[in-house]
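K.L.:
Based on these hints, arrange chain B on the given structure of chain A.
If you're matching them up, the sequences are chains A and B in order. In short: position in the first sequence from 1, add 42, done, that's my numbering. In short: position in the second sequence from 1, add 4, done, that's my numbering.
Don't take every hint at face value.
[Claimed, not checked] Beta-carbon label-pair distances, calculated as ranges: (1) A:A198 with B:L128: 54 to 62 Å; (2) A:I233 with B:G241: 54 to 62 Å; (3) A:M403 with B:N44: 38 to 46 Å.
[Claimed, not checked] Taking lysine-lysine and the BS3-like style, the derived pairs with C-alpha atoms no more than 30 Å apart in a straight line are: (4) B:K35 with B:K73; (5) A:K88 with B:K140; (6) B:K144 with A:K355; (7) A:K313 with B:K144; (8) A:K313 with B:K35; (9) A:K410 with A:K313; (10) B:K144 with A:K88; (11) B:K140 with A:K355.
By construction, these hints were calculated from the structure, which means they are not laboratory data. For glycine and all other residues, C-beta sits at the position ideal for the given N, C-alpha and C.
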Amino acid sequence: MDAARPLDQSQPLHRPPAGFWLWRSSGTSNGTSDGTRPGYSLLIPKRAVIINSLLILLLLIVVTLSLGSGSVSLSPAEVWQALWHQGPAINQLVVNELRLQRVLAGLTTGAAFALSGCLMQTLSRNRLATPGIIGIDNSATAFAVASVTGTGLSLAPSSMALAGAATACALAFGLTGASGRGGYRFIVAGIGIGAIAGAMTQFMLSRVAIDDANAAFPWTVGSLNARSPEATAALAACLPLALALSLRMTRALQLMQVSDAVSIGLGINLKQVRRNGLILSVLLTGLAVAVAGPVGLVALLGPEVARGLYRHKGVPLVASALCGALIMLAADLTGRLILAPLEIPVGIVTAVVGSPYLLWMLLNPSFKNTP
Amino acid sequence: MNSFNRAIPTEHIHPAVELEARQLVAGHGDKVIIDGLDLNLPTGKITAIVGPNGCGKSTLLNSLARTLKPLGGSILLDGQDIHRLPGRDVARKLALLPQETSAPEGMSVEDLVRFGRQPHQSWLSQWSPDDQRAVKRAIKAADLTGMENRMLEELSGGQRQRAWIAMAVAQDTPSLLLDEPTSALDLGHQLEVFELIRHLSADHGKTIVMVVHDLLSACRFADHLVAMHDGRLITQGAPGQVLTPELVHQLYGVHCDILPDPVTGSPMLINMHRASKNPRQAPAKAPISGDNDE
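Chain B extracted, bound-state conformation:
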């Protein structure tokens, strides 16, 4: 999939939007998961939110995407509280690809991508030339040209996920939030989706925020890493700078060494082994391959 190299007219590069969390308290019901988090997301870049299971990364993303109402604090979009803005206005600036994506049967790629135009349409403008152009462009960006009339259930996992991303692209927003866009995809399909995301950032100038389960993919494809643990922000910055063995240990309780990838230069974790719960038995940087540590 090396075909994401089509020139995109500059008019479709968006003015950046500022998205930030202020003293965010979020959780489900009485259970507070995030308690007082401040975060500014860099515009025009790819930010990956990483951390162990249950660290609150999806809670943070859902709060940013306003699918989860904060228990306290606020999410600001260009300085305004996202929950006080009309839904349509937010939807023209912020697109969301949730983790659970299941479409009803019998829906074609084009049907799905057309949904993305919802915030731009009205009763009397159900299919403007702009809508047509945006859908076409989104399908092209996701490299799905020629598959418009295929049913979603006929596609491969990677193609289907690209169709969902195309829906969010058709929304024509300056920023895009993705919740684990590659979960349940195999290696090849993961790369397919991540390359599309990079393309959207580089050529369309979108601000992208994604929750990524796999630390290595996050380092490889994101410009900015946000590391969370136990509902708190541990550190943030360029992956090459913030990813240290200490951070990996703090996040996942895993000992490892870090080397730059000889080809891409992004950090690689090697010699990983689980830190023992009992500090007395913790092996001090075992120089072996760790196969007896399972």
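Chain A extracted, bound-state conformation:
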């Protein structure tokens, strides 16, 4: 992986630390004054590359399965043909017009929820501090339901969901003194806000005509059936940007995992990292809820699986996003197939699978709070 570069014999060999590949450019450092840097040097963690490649491979398989299964069953080969606009027109219609949107929605929401969860868990140094548990999902839902059931507000449910997420986070922060410290108070305040938002949702649903309540139902359980193309597009546009911005913070997040004092000592601007990370996390959750409703458990499960794969080393942002997408798609596929032609909303599937896992995690004697 090393770029060829003439090495001065007096200099020690430039080697990467154990477990990394080093990628560097030929710079102007050798022979000149001490301390001049080469053009650039990048460290690529081997394990992350391998794990993420495997996850992407797995994701491709699940995507293909997802595109191929349903009332019209297609083989993987037929799916790929249809994706490239080849093969029978009916296949192209089924794949590109009917199923692709849904799969894209699943991919992006799963990735967004899990990335959001990983960020928030790391920032608050608590594995339970995911947007779903601290009430951001519920609040986003309450706002969306308010707009669906027509409270005079003509805003689209998607933007309302985003507004709800931001409101919940601002409230939780306001109540805990915006210190960023005291993870527990933040979580407890969030749980309270989530409970209030949940009650408001139920109240609104009980007051409206049955048709409106039906229209709002997918918002309350989380489903990929009710997605709006605009919301999916907004999320798809923001997700890569959010991922890039989060990756920029990787090193700071890793240090914050160790301790605040150590991070400050190494020149990390904690306030800035916390603020930016939280904004990213809330934005991602809001956008994802706008597409799929509250499927918050993915935000807990995705990072959890990713950390396991990384053997709890570092902050697995990319792997969390990939795991989240994988879980979301797998859950949606299961929900579609298991009682076909009836369809179980993805939120219910993740709850059925995720809740026992959450309990197992909490009751596990070796449970540790920190991610």
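P.N.:
Relative to the frame of chain A, chain B by itself:
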């Protein structure tokens, strides 16, 4: 551990930095612990901050290390307010080893020491030859060569603490702040860490400021003693000069005699016994061994 005697090239001896507290007011929330403290730290020397529990010594160190924002006054680094300088710039001049050091599991010595390079790295320079040299040098200075790939949880307490110090050394700063670097270590491991600190001061020319709980170790290993009580600076100077029975009494409410150590010459406290709260019952310098004074 007498292997801290490797020659270090002179280029790694740093130009000294000035660190001082000006009219510092510090505390937690509404509780003011230090109220108006002025302190200049001698450059290129080891300063030990001593005093009884709750005297504000850790508060002072945390203020110097900017992990605690002053309620009033300022901390100056080379004449500039430390909270107005960019964090990275400060981190290139000032390294900190906090009291609470717990690393996530599965972290190797080298992983930890590499963290110290953070202020020198950027997106496009994640592992420069300088980084490699500094990490190697830090591991060597802390006498951990050959243990780079050991997990932190496998090390002894003293080795682990040396790995943490190596992280701060890799930061390559002219000054180093340590908060109780030997707390929770047994006697042998304490010496191991203090010898490393002396080595860093003597051979690397670092300015070192440490909070030390044990007065005797402070006298033995520091060049400069800063004694605090109740948030105030009581006295400062060379341990041999400022450490008097009166000071010990003022700081800890303990009566004692002081003798120079016959070997090292550093002050030793002997015949210690607790001063009674009631002045009428205070024994006037009991010439006995004090075993009935517990």
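K.L.:
For every hint, state whether the structure bears it out.
P.N.:
Verification of the hints:
no.: 1; hint: A:A198 with B:L128: 54 to 62 Å; verdict: violated (41 Å)
no.: 2; hint: A:I233 with B:G241: 54 to 62 Å; verdict: holds (55 Å)
no.: 3; hint: A:M403 with B:N44: 38 to 46 Å; verdict: violated (53 Å)
no.: 4; hint: B:K35 with B:K73; verdict: holds (13 Å)
no.: 5; hint: A:K88 with B:K140; verdict: holds (22 Å)
no.: 6; hint: B:K144 with A:K355; verdict: holds (25 Å)
no.: 7; hint: A:K313 with B:K144; verdict: violated (34 Å)
no.: 8; hint: A:K313 with B:K35; verdict: holds (23 Å)
no.: 9; hint: A:K410 with A:K313; verdict: holds (25 Å)
no.: 10; hint: B:K144 with A:K88; verdict: holds (26 Å)
no.: 11; hint: B:K140 with A:K355; verdict: holds (22 Å)
Comparing the model with each earlier hint shows violations of hints 1, 3 and 7; every other hint is respected.
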